[in-house]
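J.: So you can see what is in the structure, the chains are spelled out below.
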Amino acid sequence: KQEVTQIPAALSVPEGENLVLNCSFTDSAIYNLQWFRQDPGKGLTSLLLIQSSQREQTSGRLNASLDKSSGRSTLYIAASQPGDSATYLCAVEGSNYQLIWGAGTKLIIKP
Amino acid sequence: SAVISQKPSRDICQRGTSLTIQCQVDSQVTMMFWYRQQPGQSLTLIATANQGSEATYESGFVIDKFPISRPNLTFSTLTVSNMSPEDSSIYLCSVVVTGVSKQFFGPGTRLTVL
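Top line first, the protein sequences correspond to chains H and L.
Residue numbering for the first sequence follows this note's numbering, beginning at 23 and increasing consecutively.
Residue numbering for the second sequence follows this note's numbering, beginning at 697 and increasing consecutively.
Since the hints were made in silico from the structure, they are not lab data.
Careful, some of the hints might be misleading.
[Said to hold, decoys possible] Straight line, CA to CA, 30 Å or less: simulated DSSO-like cross-link-like pairs of lysine-lysine: (1) Lys-703(L) - Lys-23(H); (2) Lys-798(L) - Lys-761(L); (3) Lys-703(L) - Lys-132(H); (4) Lys-90(H) - Lys-128(H); (5) Lys-90(H) - Lys-703(L); (6) Lys-64(H) - Lys-761(L).
Since this is a predicted model, take the numbers as computed values, not measurements.
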């Protein structure tokens, strides 16, 4: 059974710092891995999707990597801003589009 | 992409009552799902909403408690029946758009059961 773990559970850093969020999964047989952002009172926003055949994806200040063999993904946020404060969730997709979710990392960027 | 709306956005309900949550998508989608996010927890898949047939439920979820309808390709409802405080959660629908591999999520329905 696939299990997804995110470390750390919470992170608070000053504005401007670069930071890394970690996601690990137990079963390497995945179709893709997605990183989402969840803001309080709002829905989920898909940030990056990495197909199982890819190693990384980039969007603006965000870079996500995937190492299937070791069951790990990282989300790198460059030059963090207070607007980046949110909960970041990773999810792996198995069969039939079903997503298995990590518990999330709550990120606070201090001005 | 897809624009997904959910109604209601939030509700406060009494124990023992039922609430039906609607999910509407602006385009035809391949698949629709319902998730639950309990306070402080991550998302858990409740079921896959199948068009014109019974939903496919995950372990721990049953049709009597969470009846689901999907009468067409763009609309689905989830009912939370005979509610208890343990049902207080955010309920989200998600869709897979035809030809696009990633899922899109609705804004969620925040349910509080007293």
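J.: Of the hints stated earlier, which fail here?
T.: Failing hints, ascending: 1, 3 and 5.
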